[in-house]
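Peer 1: Go by the hints and put chains B, C, D, E and F onto chain A.
Number of protein chains: 6
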Amino acid sequence: MPHVRLTRHFHFSASHRLHAPALSAEENRRVFGKCNNPHGHGHNYVLGVTVEGEVNLVTGQVVHPGELEAVVRAAVLDDYSYKYLDQDLADFATMTATAENMASNVRDRLLAAWPAGFPALAQVRIQETKRNVIDLPVIEETV
Amino acid sequence: MPHVRLTRHFHFSASHRLHAPALSAEENRRVFGKCNNPHGHGHNYVLGVTVEGEVNLVTGQVVHPGELEAVVRAAVLDDYSYKYLDQDLADFATMTATAENMASNVRDRLLAAWPAGFPALAQVRIQETKRNVIDLPVIEETV
Amino acid sequence: MPHVRLTRHFHFSASHRLHAPALSAEENRRVFGKCNNPHGHGHNYVLGVTVEGEVNLVTGQVVHPGELEAVVRAAVLDDYSYKYLDQDLADFATMTATAENMASNVRDRLLAAWPAGFPALAQVRIQETKRNVIDLPVIEETV
Amino acid sequence: MPHVRLTRHFHFSASHRLHAPALSAEENRRVFGKCNNPHGHGHNYVLGVTVEGEVNLVTGQVVHPGELEAVVRAAVLDDYSYKYLDQDLADFATMTATAENMASNVRDRLLAAWPAGFPALAQVRIQETKRNVIDLPVIEETV
Amino acid sequence: MPHVRLTRHFHFSASHRLHAPALSAEENRRVFGKCNNPHGHGHNYVLGVTVEGEVNLVTGQVVHPGELEAVVRAAVLDDYSYKYLDQDLADFATMTATAENMASNVRDRLLAAWPAGFPALAQVRIQETKRNVIDLPVIEETV
Amino acid sequence: MPHVRLTRHFHFSASHRLHAPALSAEENRRVFGKCNNPHGHGHNYVLGVTVEGEVNLVTGQVVHPGELEAVVRAAVLDDYSYKYLDQDLADFATMTATAENMASNVRDRLLAAWPAGFPALAQVRIQETKRNVIDLPVIEETV
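For the record, the sequence lines run as chains A, B, C, D, E and F.
Just so we're aligned, residue 811 is where the first sequence starts under the working numbering, counting upward by one.
Just so we're aligned, residue 811 is where the second sequence starts under the working numbering, counting upward by one.
Just so we're aligned, residue 811 is where the third sequence starts under the working numbering, counting upward by one.
Just so we're aligned, residue 811 is where the fourth sequence starts under the working numbering, counting upward by one.
Just so we're aligned, residue 811 is where the fifth sequence starts under the working numbering, counting upward by one.
Just so we're aligned, residue 811 is where the sixth sequence starts under the working numbering, counting upward by one.
Same shape as in the complex, but just chain A:
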């Protein structure tokens, strides 16, 4: 059976503030510019979750889309959606919620909740705006 990659996209709205705890106020302002504004700003994020594996001979699917959606919803979206990420989520207490850090946090959350028998998690994508996209390939041995 063919080996395919399925990517499913999820939309959520949230806000963040780029502010590195290890930097001074002035350095933060210089590094992050207006993205360091004190009360944050937000985006319509698109989260792309890619799985990779064999197509099931009976169902013709690499994964049941409803089951994948349930995992992503419980592990990520229920916490992220309509939140001020840096303020509302403990995960971002010691690192700022850049798209890069969000991608790595989403990967950790998904791997911790990944059901046995699921195809491998292959990549996490965070699209902040149409102009700015982060792809985090998931290294195989961690799966």
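Heads up, some of the hints might be wrong.
[What the hints assert, rightly or not] Cut-off 27 Å, straight-line C-alpha distance, at most; resulting in silico cross-link-like pairs (BS3-like, lysine-lysine):
(1) A:940 to D:844
(2) B:940 to A:940
(3) B:940 to D:940
By construction, these hints were calculated from the structure, which means they are not laboratory data.
All values reported here derive from a predicted model rather than from experimental measurement.
Peer 2: Chains B, C, D, E and F in isolation, oriented as in the chain A frame:
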């Protein structure tokens, strides 16, 4: 010369919190749901500004795009961009930053800054997400 | 308070077959081409529902988005979604499910279910593909 | 039968140079900036053609899409597509190919070729980029 | 000369019904939900065909786009377009037309028709909706 | 720290003419069709620049977006934007400005200007239209 409408779209990222000052905490929660979360959330907004008028015989344009952009930038975007609207802008001290109220605030800001000789401001559009769009036609006599 | 138009977009997948009951098989083939293929074909439709009215002074909204969504879901999407429209819906027994006829059927379904106190239904849009869009303005006196 | 508006979108690639014959070289540079560069530049244009009329009781359509497409193709696209508009088309010999002038030229070309029995041409849209859109409503008495 | 990947996208409308022949009616309903509705539903599919190879020194192209289009049209689109895939195509008699199975069927059809001298077929993508995308990398030794 | 790929997209408008210096006028017409029209045509290009590397522990970023933008702007966009590429740029004097050749020229320009300490340039994408996309992976040893 033909009479046309030109719409120019501007993108900005901001956050807001739907919270009506006149309602109790419980009523706010019921009316706005997750959009009432205490620290706000954000969007990649698209602002559409529509002008309407005669095409200039010499330039073939209804308005100089650079001049229109300068007006919108100074009157709206410089204040809105990368801000937590309800917290950072005095305009939203007594009304919450719904897309409806944002459209009406943008119209007021544009009309106050509108240069003499510009074609009429015909409409303001606030697109919060691809699913949710507010159009505010500008009533002619106010122009 | 300002008078605005809010448009909310809904996505659904369905199939249809363009086949006019009043025409012969040959005429149907000539008028509709491949869209007359015997077993139908489908689209990712986008339904745009536009309401028009005063912004509520307390909530800053022209309509509660969750209430509007509930009306559209119950009156239209629960029946349309994942269906072969011409076959599965009695509404299309005597007229074929062109985008034009779908728009007019959606308008009838919405008007029949429209709650008292809602702002006026101003327009129904059916986008069949990005290339093909039908707008049906709702004549005021019918509201 | 309901009265609807159908908009059909057409894509074409072309180039233009904004340069007003009545202005000096220096004035052209000041008014149009980089859009006045001597050898032109180009866009992926989207042309939107809107017709308005009654839905045909038999076919369920306001216009036969293939017939509309044939008119637009012969009257506009065959000439515009893959061309340097200001250089290749006599229509732009005395006026520069701004989106505004293109919209008005498209309207003239369509009205001259408009078949008897077609629904009214209601609007011509030229989208130069996603940020810049011209709408030219067609005044009824000219139809 | 540089080694590049060219992806060309093709749009087509079709309908399908997710129904696994090896499962009972009840199991099909449980696995596929509304996608198992008896008369099918449809999508505006986007097919992405990726080729990979050296850029031709003379033409500056990795493949002649018209020739690639002719191959895809004859091998895939002429059969897929405006069809109810599960009903109209023998290929889906024993497997249901999921996006995964469609991708593998498209790959087989393309490889069987692939002209000598063409760059390698590198990947087939089926985008069912913006939310759901299947990528099928073509294993090199099969090319 | 995680290893990520960041892609940043840049929009520019330009025109080109597909015309291979090594071919006769007749051969050029046969190979490139309307894209060989004598005065060129244009596109709204999207340039995607992908970098790959470790996320900085302090800033949470793989690269400072403003610094990346400055490099791309100075090395590519200032020359490409609003230009007739084949006519205005010496780079295309001996090769025609196909998307393939543009991608390879952009890679050469970026590598020549790439700042020390920047993450590796991983890929250059030229999207000519939504239908036509070129990806040029940057081979590691050249970085």
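Peer 1: Keeping to a limit of 27 Å between CA atoms, is the pair of residue 940 of chain A and residue 844 of chain D held or broken?
Peer 2: Since the Cα atoms of residue 940 of chain A and residue 844 of chain D sit roughly 25 Å apart, the hinted pair holds (cutoff 27 Å).
Peer 1: Tell me if the straight-line CA distance from residue 940 of chain B to residue 940 of chain D falls inside 27 Å.
Peer 2: Cα-Cα ~14 Å, so holds.
Peer 1: Are the Cα atoms of residue 940 of chain B and residue 940 of chain A separated by 27 Å or less?
Peer 2: holds, 13 Å
Hint violations for this structure: none, all hints satisfied.
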